[in-house]
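Engineer: Listed in order, the protein sequences are those of chains A and B. If you're matching positions, the first sequence starts at 1 in the working numbering and goes up one per residue. If you're matching positions, the second sequence starts at 1001 in the working numbering and goes up one per residue.
There's no promise every hint is true.
In silico lysine to aspartate or glutamate, EDC-like type, Cα no more than 20 Å apart, as pairs [said to hold, decoys possible]: (1) A/K224 / B/D1063; (2) A/K121 / A/E225; (3) A/K53 / A/D110; (4) A/K224 / B/D1042; (5) A/K224 / B/E1060; (6) A/K224 / B/D1024; (7) A/K224 / B/D1013; (8) A/K121 / A/E56; (9) A/K130 / A/E159; (10) A/K224 / B/D1043.
Calculated from the structure, these hints are not laboratory results.
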Amino acid sequence: MHRDIAAPFRWMGNAVRAPREDRLGIFLRKLISHSRLSADDQAAIASLPFSIKTLEPNEHILREGERAEICPVLLSGFAYRQKISADGGRQIVALKIPGDPLDFQSLYLDRADHNLQALTKVELAIFALKDLENLVAPRPALARAVLVDILIEASIGREWLLNIGRRNAVTRLAHLLCELSFRVEQIAGETIDSFELPLTQEQLADLLGLTPVHINRTLGQLEKEGAIRRVSRRVSIADVAALHRIAQFSDIYLHRNQSSAVV
Amino acid sequence: MPRYFFHLSDGTDEVDAQGNELEDDASALREAIRFGGSLLSDDPEMLIRDNGIRINVTGERGDLSCALIVQIVDANWQATAPDRESESAA
């Protein structure tokens, strides 16, 4: 039961395997949520060596321009992808939740095209990229699961483009909160009564393309509708149905019933 | 960093109880302008409905830091009636 979080990266040469327990369970659940994987494929993933690493908020997991050598998976906490313009403008381009693989892209692409950072304190399962590459090569169902995960993230990205490009502030914010709620509930496997947002107002602004002042006002509007609750600077989702209605939310882009489509 | 509060008057008065932390007065002014622009871009009707909006920015002590006013101006306004003008031009 002992987890040695302080140990150095084991994949860097030691043959010592990290304790299995249930740590990878959330990752396997994420993959199974959109892809059919045989017990054999699942066991193959679970038997890969990995280490556990803890990071503080905003610490970098991968930097733009770097070549990845590891394949991180989010076990707890939230992470974000961010790009920064030449004049310092920040845009959060994706949010990752527990269970999410963070960099399947590097299995295929040479260099990181964005910064990958911890949003909250996070725990990561760190695999050697080479191990994933070797695992996936002879296993078509696994390769497909990797592809589908990447495709679903791309779909979410397209919805974000629409969200930022065309929705008004209150609909835009409600849509994001509704999406987060759906995604977290899917991996948790149960309804979550009150979900506390891991983002600050500044981060919401960087994500939604609005100024923090406008975010502040928009949060106030959602609070008046009973959709969210604010206690000092912490925001929690109070009524997902209200967010759903305000956002006119359609969950098609989340591809939530994907695994039933697999032959 | 000091906290600034952005109160919107657009027919109804909205008091900002939460505020935002910003560097200084100059940053607060810039944010007020961005905020105004963002609001109008979001909902142009706001300006038409109430013929104008005003954003008052206050500091932590409730003192006014700056105010932003955006108004629609009637472009058909004339100084004199049309026939009096043509009389004097003859």
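Engineer: Going through the earlier hints one by one, which of them does the structure break, listed in rising order?
Structural biologist: Numbers 1, 2, 3, 5, 6, 9, in rising order.
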